[in-house]
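Colleague: Spelled out from the first residue to the last, the chains are:
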Amino acid sequence: MSVKPNVKKAKKHLAKLRELVSKRKHPFSEMSEEEIINALRKTREEIWDKKLVTRS
Amino acid sequence: MPCAKQEKKSGIKNLLLVLDSNEYIFAFGILKKPSSKTLIDTILDSFPIHSIRIPRLVVEEVGRHLTPEEFREFIEFVMNLASIDEDFVVPFELGVRYELEGLKPADAFIAAYVEWTGAAALVTENRHFLSRHSNLPFKILNAEKCLKIIKSSI
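So the sequences go chain by chain: A and B.
One point on numbering: in the working numbering, the residue at position 56 of the first sequence is 56, and numbering is uninterrupted.
One point on numbering: in the working numbering, the residue at position 91 of the second sequence is 1091, and numbering is uninterrupted.
Read the hints as simulated data drawn from the structure, not as lab findings.
Ideal Cβ placement from N, Cα and C applies to all residues, glycine included.
Keep in mind that the hints are not guaranteed to be accurate.
Mimicking DSS-like on lysine-lysine, the simulated pairs with C-alpha atoms at most 25 Å apart in a straight line are [what the hints assert, rightly or not]:
1) Lys1151(B) / Lys1013(B)
2) Lys12(A) / Lys1151(B)
3) Lys1037(B) / Lys11(A)
4) Lys1032(B) / Lys16(A)
5) Lys1148(B) / Lys11(A)
If we take Cβ atoms under 8 Å as the criterion, some of the chain B residues that face chain A in the derived model are [what the hints assert, rightly or not]:
6) Lys1033
7) Glu1061
8) Phe1077
9) Asn1080
Model the full structure from these sequences, guided by the hints.
Modeller: As structure tokens, this is what we get:
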């Protein structure tokens, strides 16, 4: 899934995303880098397991 | 692996990269990690010299940790920069090969995806990936090392 690349628009949306993230207290904000990476690994495994169940 | 070959022959000219979900999360400022933030900014500034591909799995992982409004911006950001590849396009056998090398199934899929795209590197801060360097058809780099490679080519 893709549209024609438009770096100017990509930058605009990245800036907006960073602005939104900076305005709220994210559940990761109290975590260390290692803890966040572990949380993301857990997310990956959960999503993957769900995908496998859906396909089988 | 056209990108890797090109690098050996004449220095890095174009880098096709796959960024792990942690790089996106850090680049958005959820954790202050300047190298991840600078890497995304550098890719944007150098596009299309350096570019990215992203699988649906990584989009979903990142999305899980964003609000709907943030997710909309993320999708717009990604779609103006790269293709989102559906997970099923990656040959099953490729993933199995990485599982046999000891990666968990979902990590094995990511490794298989990187190989399938012909990307030069997977960029991640995940030590489980970073500890696996041998016999891979692509590099595994953290954002800092990737930036050094990109900057050395300028």
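Colleague: Each of the hints needs a verdict: does it hold here or not?
Modeller: Against the structure, the hints come out as follows:
For the given pair, lysine 1151(B) sits about 11 Å from lysine 1013(B) by alpha-carbon distance, which is consistent with the 25 Å threshold. About 24 Å separates the Cα atoms of lysine 12(A) and lysine 1151(B), which keeps this hinted pair within 25 Å; it holds. A C-alpha spacing of about 12 Å is found between lysine 1037(B) and lysine 11(A), which places the hinted pair at or below 25 Å, so the restraint holds. Of the pairs offered as hints, the one joining lysine 1032(B) and lysine 16(A) holds, with about 17 Å between alpha carbons and a cut-off of 25 Å not exceeded.
As the CA atoms of lysine 1148(B) and lysine 11(A) are separated by approximately 22 Å, the hinted pair is consistent with the 25 Å bound. Evaluation of the lysine 1033(B) hint against chain A yields a held restraint, the C-beta minimum of about 7 Å falling below 8 Å. At about 5 Å, the closest approach between the beta carbon of glutamate 1061(B) and any beta carbon in chain A falls short of 8 Å, and the interface hint on this residue holds. Taking 8 Å as the C-beta cut-off, the interface hint given for phenylalanine 1077(B) holds, the closest approach to chain A being about 4 Å.
Nearest Cβ of chain A to the Cβ of asparagine 1080(B): about 4 Å, under the 8 Å cut. The hint holds.
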